[in-house]
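Turn these sequences into a full structure, and let the hints guide you.
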Amino acid sequence: MTIAARLYLLLILAFLYVPIGVMVAMGFNESSLYELPFHFSTRWYSDLSGNAKLMDAGWNSVMIAIITAVLATLLGTMASVALSRRTFRGKSLLKILLLPPIAIPWLITGTAMLVFFFWTGIGRGLHALLIGHVALAIPYVVLVVGTGLQSVRVDLEEAAMSLGSTPVRAFFQVTLPLLYPSIVGAALFAFAVSLDQFVISYFLATPGFTTLPVQIYSAIRKGFTPEINAISSILLFASMAVIIIVARFAKPGGVRDKR
Amino acid sequence: MTNVNVVAVAKSYGTVPVLTDISSHFEEGSFTSLLGPSGSGKTTLLRIIAGFVVPDGGTVSIGDRNVTNTPVWARNIGMVFQSYALFPHMSVAENVSFGLAQRGIKGAEAARQVERALEMVRLPGYAKRRPKELSGGQQQRVALARAIVTRPSVLLLDEPLSALDRRLRQEMQVELVRIQRESGLTTIFVTHDQEEALTLSDRVAILDRGRIVQIGAPQEVYERPRTRFAAEFLGDSNFLSGSVRDRAVAVADGTLVQVSGNLPAQAATVTLAVRPEKIAILAADQTGPQGWNRLGAIVKTVIYAGPALTYVVEAPDGSLLKVFAQNKDGVVLPEGRPVALSWSPDHTVVLED
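Chains as they are written, first to last, in this note's numbering: chain C, 1 to 259; chain W, 1 to 353.
Source of the hints: derived by calculation from the structure; they are not laboratory data.
It is possible that some hints are incorrect.
Chain C side only, calculated, beta carbon under 10 Å to chain W, not exhaustive [stated by the list, open to error]: (1) 135; (2) 156; (3) 157; (4) 165; (5) 167; (6) 172; (7) 173; (8) 178; (9) 184.
Pairs of lysine to any residue, SDA-like flavour, derived with a Cα cap of 25 Å [unchecked claim]: (10) W:328 with W:288; (11) W:322 with W:132; (12) W:128 with C:33; (13) W:132 with C:173; (14) W:106 with C:168; (15) W:106 with C:150; (16) W:106 with C:171; (17) W:132 with W:153; (18) W:128 with C:153; (19) C:91 with W:54; (20) C:91 with W:16; (21) W:132 with C:172; (22) C:91 with W:15; (23) C:95 with W:300; (24) W:300 with W:286; (25) W:132 with C:35; (26) W:132 with C:248; (27) W:132 with C:171; (28) W:106 with C:172; (29) C:91 with W:13; (30) C:95 with W:14; (31) C:91 with W:288; (32) W:132 with C:176; (33) C:91 with W:283; (34) W:128 with C:25; (35) W:132 with C:153; (36) W:132 with C:91; (37) C:91 with W:64; (38) W:128 with C:173; (39) W:300 with W:283; (40) C:91 with W:322.
Predicted, not measured: the structure shown is a model, and the values here were computed from it.
Virtual Cβ for every residue (Gly too), placed ideally from N, Cα, C.
So this is what it looks like as structure tokens:
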């Protein structure tokens, strides 16, 4: 690598990680006004445990993200299998209809959901947030699992059936194990989409039940305190840990057979 | 070890007919090749017998069981796919025992049968390997072991050798015949390679546009092709057209060609087929064996390939005929030389179309 290339790489990494580093560091700075010089303190972390609103919002976010990941992965994988392995009327239309939600601005989707949920009486709150997040995450799962399914050859299932496996057993014995890395990747995607989600959560949250991004937003409007840095750091390290563990065990793309 | 019967099977995709009224009997323990160009329906026929494709009409029976409406997994077949279709996440032993597990055979009994199957395909000691650690030929052997270990009623092979290189393919052809003989399985083999079909099978079925145009022993199909398509697709052939006159056929220059077999009525137009290797090429003044046909021609092109020569000669009616000659005396006839072609009436086949 030339010096210019190294510098370029360094610059990219710097733009990605320096702001995060500053945010984490400021969570350990004594000053409530982000003043320098830096005085190490864990005061914001101890304050945080007393800030029930922020803590609750944090737990809500994680819980919703996990439930969303599970439900969206389950539903999305089933949809993906149907779209790639079965033939039925309206299949190509359905395939096309699944993609635009990814491109539609969340603000529009959020407004539409709010209006629709209000109109149907679903209303707002936890259940509405879950419906919204799962609906939002499904297209990503279908996309990721669908790509994975393309690399699992149909004749593997046919081979299993020729050996006496019913289609359902062939799916569980052959397709699913080969699809596992894609499914894990899709679940991570769904988890991230939910955890990151602000716009739709903002519309569907109630004063009594919010998610962390929404709570942080309303906190910032009243004034920024390093408590926000603290909870953001905790969330950051928690989600990074999850991703690293999953990546380590699932080896996405690594076990796929090239044939 | 079972007979397989296909009766009046038809299949079309939309308005496109793929198979039209196919009936055939595959005898117990026999090795039949389905030979045809792409689009002839040979793979569809195999997939109908396997149960992957449901025919629009007709019946398929394996043994005395009508399996037309039986799904693949309940038919007790063994199938080898063009791409091998080994399960990449399982070891060789797990691949081979997959079918046994579906039949409830597990543990020591399964291990014993897997070992025997791997010995049969000459891969003992490979049980713990993963498919991707094996060469193409070895993967093919595993696929074969997996297909035969369950003692299926019929073994179906879908162009299993086409992905192998030439040398390996020839080696596997020999193996395939040996394994088929040893196992005694009724075998149906799809191929577009005519040489493969002739060397491997007891019977060859030639398919053209969804129909079986001819079925029989390799020698019978090769020596007595029934249609122009069969004569052309299986090997090389020369065609002469003429009209029936006095239990012979008068070709363009009036030469009477003697044939074997039945001829249609006087004055009817017929096409005759003669294999290039059956024709002897003689000097214009030389006479051939007694009773053989004789036709004057002019050498147009000579293809010299060492042990063998191919002459392209022009018949009196201007059509080009091919003649294969052994390079016995080292003489190469020059282009433009008038010659005489000589061949036996026994090798003059009257085509149906």
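Evaluation of the provided hints:
1. 135: violated (33 Å)
2. 156: Hint on residue 156 of chain C: holds, closest Cβ of chain W at ~5 Å, below 10 Å.
3. 157: holds (9 Å)
4. 165: This hint holds: residue 165 of chain C lies near chain W, its Cβ roughly 6 Å from the closest one there, short of 10 Å.
5. 167: Result: holds, 8 Å to nearest chain W Cβ.
6. 172: Since the shortest Cβ distance to chain W is 13 Å, the answer is violated.
7. 173: holds (8 Å)
8. 178: holds (6 Å)
9. 184: Since chain W brings no Cβ nearer than about 15 Å to residue 184 of chain C, farther than 10 Å, the hint is violated.
10. W:328 with W:288: holds (17 Å)
11. W:322 with W:132: At roughly 47 Å apart (the allowed maximum being 25 Å), residue 132 of chain W and residue 322 of chain W break the hint.
12. W:128 with C:33: violated (64 Å)
13. W:132 with C:173: holds (19 Å)
14. W:106 with C:168: holds (21 Å)
15. W:106 with C:150: violated (32 Å)
16. W:106 with C:171: Holds, at roughly 21 Å.
17. W:132 with W:153: Not OK: residue 132 of chain W and residue 153 of chain W at ~29 Å, beyond 25 Å, violated.
18. W:128 with C:153: Holds. Residue 128 of chain W to residue 153 of chain C sits at ~23 Å (cutoff 25 Å).
19. C:91 with W:54: Cα-Cα ~21 Å, so holds.
20. C:91 with W:16: holds (22 Å)
21. W:132 with C:172: holds (21 Å)
22. C:91 with W:15: holds (21 Å)
23. C:95 with W:300: Given that 25 Å is the threshold and the Cα spacing comes to 61 Å, the pair is violated.
24. W:300 with W:286: holds (19 Å)
25. W:132 with C:35: violated (60 Å)
26. W:132 with C:248: Measuring from Cα to Cα gives roughly 22 Å; hence the hint holds.
27. W:132 with C:171: holds (21 Å)
28. W:106 with C:172: holds (19 Å)
29. C:91 with W:13: holds (18 Å)
30. C:95 with W:14: Cα-Cα ~23 Å, so holds.
31. C:91 with W:288: Measuring from Cα to Cα gives roughly 70 Å; hence the hint is violated.
32. W:132 with C:176: holds (19 Å)
33. C:91 with W:283: Given that 25 Å is the threshold and the Cα spacing comes to 70 Å, the pair is violated.
34. W:128 with C:25: Violated: residue 128 of chain W and residue 25 of chain C sit about 52 Å apart, past 25 Å.
35. W:132 with C:153: Distance ~15 Å between residue 132 of chain W and residue 153 of chain C Cα, so the pair holds.
36. W:132 with C:91: violated (35 Å)
37. C:91 with W:64: violated (40 Å)
38. W:128 with C:173: holds (19 Å)
39. W:300 with W:283: holds (15 Å)
40. C:91 with W:322: violated (54 Å)
Checked against the numbered hints above, the structure breaks hints 1, 6, 9, 11, 12, 15, 17, 23, 25, 31, 33, 34, 36, 37, 40 and satisfies the rest.
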